[in-house]
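Could you slot chain B onto chain A? The hints should help.
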Amino acid sequence: MKAPEVHHWVAFTTLLTREIRRFIRIWPQTLLPPAITMTLYFIIFGNLIGSRIGEMSGFSYMEYIAPGIIMMAVINNAYANVASSFFSAKFQNHIEELLVAPIPNYLILVGYIAGGAARGLLVGLIVTLVSLFFTTLPIQHIFITLSMVVLSAIMFALGGFINAIYAKNFDEIAIIPTFILTPLTYLGGIFYSIDLLPDFWQQASLFNPILYMVNAFRYGMLGVSDIPVSIAFSIIIFCIIGLSSFALYLLNKGTGLRH
Amino acid sequence: MKALSIRNLTKTYLKGPMALKGIDLDVEQGDFFALLGPNGAGKSTTIGIVTSLITKTSGEVKIFDIDLSTSPEKAKSYLGLVPQEFNFNGFEQVENILLTQAGYYGIPKKEAAPRVEQLLHQLDLWDKRFTPSRSLSGGMKRRLMIARALVHQPKLLILDEPTAGVDIELRRSMWQFLQEINAQGTTIILTTHYLEEAENLCRNIAIIDHGSIIENTDMKSLLNRLDKEVFILDLKQPLPDNIDLSGLAIHQLDSKTLELELKRDDIINNIFTRLTQQGIEISSMKNKANRLEELFLALVDRTSPNV
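Residue numbers (my numbering), protein chains in the order written: chain A, 1 to 259; chain B, 1001 to 1307.
Just so you know, the hints here were simulated from the structure itself, not pulled from any lab data.
Restricting the straight-line Cα-Cα distance to at most 30 Å, the calculated cross-link-like pairs of lysine-lysine (DSS-like) are:
id: 1; chain 1: B; residue 1: K1074; chain 2: A; residue 2: K90
id: 2; chain 1: A; residue 1: K253; chain 2: B; residue 2: K1015
id: 3; chain 1: B; residue 1: K1074; chain 2: B; residue 2: K1155
So that you can see chain B by itself, here it is in the shape it has in the complex:
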């Protein structure tokens, strides 16, 4: 069964451009799905329509086979949303925000309380349960939005840039948490500007640009289409003057740093052997840019195509 099915979805804002030009999108149940695109591409409009915050111009949205237009309450009962912007009542206490949200989904306080307690512990907010939400730090507010979206145990969780502005330690712990709930059966749709995040977490991906889906495939196939990768090599000693790098796609960045362009058919051992023969010792090696980032930029015409 499809967790989300979108057919020929269009949206034209009043006195504005056509934000969505008839997109089709399917997300399978249990998937961890990335919806990527540059700013203004149509991601938030798509999510807004699926979550009923934006009215569509035409088209069809089904959540677990239930039409959002004809049975909105049934369809919405499956959904949880972590929006991009903080959108809770700043004067409400953390615990009350979660209990109230559960109540909106028809869950009585008595039934919701243990679930709220569990989520607050899991997301490290238990000590802040009586704190008004406006007094929380940015990272805590992000975690509170995740807890709120999960309080009614949605089958489909939509996260619109959930880790924006979050430090790397917290981001990684959020990734782990999301992977856990996905493993427990929750379908997740993620939009993010951190492409490393999408690459690490998501199994399938759609890229939207100028209101159209320009790519919709699984992450592995997409990354396989990358025909070259660029690595940065840090050297142990400064590069000698008489070094011979002819025939290798290597550029010297400074005396102790090289940039290596590796094509898909290249064998990295051969390159290392040649460098080793000339007495060059490599202390570390890293990708110059995230692989998905390179593909993404190529796909949305932000750089010259190299796929």
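Chain A extracted, bound-state conformation:
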């Protein structure tokens, strides 16, 4: 008897469509809050406080922080989407639908990561549109801008996936975003140039991967960066390879999924 042929492309698009349908269905939880939060950032930091700060690296403060705020929205949402969606699938046991089906593990990973990246990028687009009410966004290097935002979304979606694999309850989904991701994001040069920091903190900031993403993205838009962009790309590609290999290892091993 010949085994039925399984079209992996169909399986992948099904998984991706399901993920996109999920975050669109719950748009008041997934798409609206970042739009409101980032609008507040623009009003408070960009407009009210920013007008007193003056220029930074040759740009108005509003222009300077806009790329970082967009990147922050992308990172947070790509991470949160995969972490909550994959953990919910475990929690409600409907992850079994996937585990029983003839889908290779790498495709499960790619499907969830693509779903997380899709939400991150859609929120990034929404925040970009919001930012246009407050400032202009000159794009100096379109390829760098787009590739950096896509790679960042993929990298943090992978982080969310690994978090969800290990998580045993909803608290464990919230711990990493609250205690690691948020501090790293705020200290990642969104609101300031690291040139303003004392030497020690400048050096310490270089260990923060988000600094590289924010600066490379800012370079793509404004043409200014605190760090060399090539290093940013090297670091993010290295992190994506490392995280995806680890996530696949966990899936193959069945960690948190199979007894």
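Just chain B now, kept in the frame of chain A:
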């Protein structure tokens, strides 16, 4: 060809007991097979390993001759699972759950849609196709799980207690549906605690206890090993005081009810004749317990052996 072949399958849970102690099991293509056992015997572990939800410790599982370890995707493409617990996304609509499941098996939406419609009609869920699954009743959820398992037309369908908590009317309609798909060529493996269900539906049976297969035969041979049956007789009139039941394995339960123990060699006509001669009229007669249930209890040492 064997739909399922298991060889020397073992499973030891981390910091737990040995759940499977090297079981061997064969299920022929087209069979309706019962896998029975008390709670914790190893049924769900076996099914979990076959469906890739549990990793085995050692041994071999082949589905239609395809090794699950070396060609998991090919082997899994033959399988459909109706699990014991509800395991769909409660927020998804009924129709989307089925279309998504078909997609996981590589079936494009266009191709899956007519099949989904047919299944929803067959399982009386068509009117609920746009309802989120969490809003369905328990019986509807059970039917949805069957529809989901069948959407990719599996050659081997595994049902892990599919009728648990389902009312008798629905249970019987599910039996009829399962018999129909079995007649169309789908091999079915069923675990259930309703032994009447296994007796009515299944042709072959394995009983698992403490991680070992203790019985693996066809249903007819197993039931033939029952050397006595107990019947309850309801009488039309109260039993007279001077009745003579000597020599008969009959016990009076109350004034209008008797319990009759019938050995394999006994002839029931003789017993009825003797009762009739004494003016006793019997209005109805039924088995005290399901025949398979009696055997099952004996086999798993839950009662004194009587087989």
